[in-house]
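Listed in order, the protein sequences are those of chains A and B.
Counting the first sequence from 1 gives a position; my numbering is that position plus 122.
Counting the second sequence from 1 gives a position; my numbering is that position plus 926.
Note that these hints are calculated values from the structure, not bench results.
For glycine and all other residues, C-beta sits at the position ideal for the given N, C-alpha and C.
Check the hints yourself; a few may be wrong.
[Unchecked claim] Which residues of chain A face chain B? A few of them, derived with a C-beta cut under 10 Å, are:
#	residue
1	T206
2	A209
3	A224
4	L228
5	V238
6	R251
7	A265
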Amino acid sequence: MSGLFALLAGGAAALALALTADAGSPAATLALALGRTGWLAAVLLVASLTVSLVARRARRPLGLAAAGAAALHAGWSVAQGWVTPAALITEPQLRSGATALAILLLLTLTSWPSVVASLRLGHWRPLHRASYAAAALVVHHVALSSRAPLWGLAALAGAIASLLAIRVVRGVRRTAR
Amino acid sequence: MQASPAQPGRRARHAQAGAVVLAGLLWAFFPIPTFSALIWAYLVVVLALGLARGRGHRWADLALPWPWALGLGLVLSLPAAVYLARTGRRLWANDQLEGLRPVLQDRLRLTRDPQLHPPVLAADRPQVFWIRAAGARAVSVELDGAGFDASRIADGVFRWVWRPGDSVPTSEEVVLRVDGEPSTRALTVVPPRARPTALAADPEGGALAVSEETDELLLIGSVPGVVERITVGDGPLRAARVGDAVVVAHRGEPALWWVEREGPPRRIAVGTGQRDLAVDGDTVWVARTGTAGPGLLALDPGGRRWWPLEAEPERVLARDGQVVVASRVARGLFRVAPEPAPRLALGRPATALAWRGAELVAAVSDLRPEDDAGPNHQVAEQLVRVDVARWRVRGADATAGAGVGQLAAMQGDLLIAFTGSGTLQLAEGRRVASPIPAPDGLVAVAGGRYVVTSAATGQVAWLDREGRALATVALGGEEPPEIELLRAGERAFTEATRSGTSCASCHPGADSDHALHDIGHGVPRPTLSVRGVAGTAPFLRGASYPDLSGLDHFAATILGGYDRALPNRAAALSAYVLSLPLAENPRRLPADVEDTLVPGYRAFQRAGCPACHPPPAFTDLAQIPAQVLFPEQPPGVLLDTPSLLSVSVTAPYLFDGRAPTLASVFEAHDPGERHGAFHRLEPSAQADLLRFLEAL
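Work out the full structure: start from the sequences and follow the hints.
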């Protein structure tokens, strides 16, 4: 239940940010709403990856909240006519975003042991390493977004590169032991 | 398979490495190379292995003795390695990583505060720069050690008017002093280069031309190699002989110059905004534009007369009491005398005009009297014969070359300089290759010779009766490499592809032809001006080109490519386009314009325009779905936010040209108030906003 709550909380927070966006004109307001929901999802994902280095128990709710916010972000962009299904394949920025969302949703599914058991899915933990791939795709998605602030892009890329570096160093040390 | 005696953690890592290898193998069979596809392949492999493992298939552990694992891993990695090597460049391009740098560079430049725009200074003409300096009370600008005050338009928004002085700036940097604090910003200075234009036969036997950037009148002798260069006012546009004198119209000077053999030139005030001149007997006709509206001024011994025109004039031709004006924005002709007549629609601007016998001949890239869009990148260049007395198109003939640069008549024959194909049509239909590239001027001079000029290369050449080259003069002499690059770029811009189309076909003078073109998808789009695009990547209405080199690729493939190899063509073309100043806006420079800018910017802010069109570039370089502004549009069509600088001279407006005027953008084409809050402004503020946009 707590997992479902985190998922819905992420989506609800994103929805609140989208609904309260007002930039003076419909075009700018939509852009602001999409930007806010996207950044919420990205920040929650980074928080989840950061927390997983120190306190694994908090990782799951943050990751699920990130997935919820990302799903709302994607749904909002489709509902507002920003995105077409074809563009999810043809447009690099949307392709990255859609792939990252697919990873997050897959991780969401495997967050419930009952789902894992009913699917008879063994060996699912490697899937969770794909969260770093999702993070890299988010950087690509943001880099190609014409409205994302560049300082935000730099901070996001820096944070994810640092987390990945820490993870790799830890892995190498563990292997050496 | 036999499991290796590894520890659980190590075994998991081995399985992970195996999954990566298998994902790479799967990825190597994806038809379109993208990084996302690699990740999808990884997900598929991991899920498949997980499901197999969950169903008890031990092979899904990928547990092999290490020599086997290593060997098999290397072999299975080979297809992915080959795929990567073969598609590396495409992979980079497909994920838009190739074009990311120029786009991010321009965004980063505009993010910096303070900042000015445009980032290019064409040193031959006055220019307006907008400066954003958040929270600043005063901004001054230093260039080459000289200081200039910028005018305050609103909080943090300033405007600096640069006017050419005696020397050309050499610095590539400008210092913005914000409340005394200096910040250095890059500014590309484009020095003036000699470009002979407006070639005309001189009744005294030679030819007349001007060089607008270097402020020169060129008296070209009929004797090969003789060019007399006389400095005149700012931005000479055309010269014509009146008796013993030569009269010169100027772009940047409020006077005509009367240049005589002896003594200093006389100046006759006619006001700014001159566009062209023609002489018919004693009468000098001056086409003008400006805040008072477009019109035609006639000066003769009896005084002055003024004819208002419906559209901005570009050329005026006068002969035997007949006066015709060509307008690029109206894509047609207007008859002023003997009787004024309404617009004669051509559908595309006349790029060259000449009288021949009783008719006027106009070169048009694709005659479309109904003003329709036409097929994708259609260029069917024609010489349109106009019966001036009856004011109708008599007929049209195909041309024998590409890219008509100039027409001139000679005893019933048409002399044609084909800029695009680099060929000349001389008397009696004789066709020869031009001795100089990109010829855009051709006239007959005394002695049965011809004079050819090329603005792109800055050359003048003389030919004999048979078309054999006699002499060539390069007006620029030995030039530095950066000028040579710009000349190569201008030449590439005008050079026709095998389809007959060049960049200049739809962008005459590197500007817009103000026509609609179907550039794919069956949707007519108005042509964009390519002037003033530096610092505004990505380009085109859909932001489909992150840098300009892609346009050369388009010409080299879709348009059939070029007959002639030009080294560094893409770089030269890109450098040339990025060096162009903004399209000239006659409402931008008058001294009293700043009175309208302050209330205008206030209305601009109140209407919410800066949300997408923020200063200093008046674009956020971002894209927006067309459906957001125009609900009837299909989803997924992205529109690049255009800069509003020079917007008043880029009609028609909006992505499909549906708005003929700036006012109609809001009044007729924004019923849902999606394009800013114009409708919520009171009428006086609406008028202020429109005046502001016109003065940008």
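Going down the list of hints, with the structure as the test:
For the restraint placing T206 of chain A at the interface with chain B, the shortest Cβ-Cβ distance is roughly 3 Å, inside the 10 Å limit, so the hint holds. With 10 Å as the threshold, the beta carbon of A209 of chain A comes within range of chain B, its nearest partner Cβ sitting at about 5 Å, so the hint holds. Below 10 Å, beta-carbon pairs count as interface contacts, and A224 of chain A has one with chain B at about 7 Å; its hint therefore holds. At its closest, the beta carbon of L228 of chain A sits 7 Å from a beta carbon of chain B; the interface hint therefore holds under the 10 Å criterion.
For the restraint placing V238 of chain A at the interface with chain B, the shortest Cβ-Cβ distance is roughly 8 Å, inside the 10 Å limit, so the hint holds. At its closest, the beta carbon of R251 of chain A sits 7 Å from a beta carbon of chain B; the interface hint therefore holds under the 10 Å criterion. The beta carbon of A265 of chain A is positioned within 10 Å of a beta carbon in chain B (closest approach about 6 Å), and the interface hint is therefore held.
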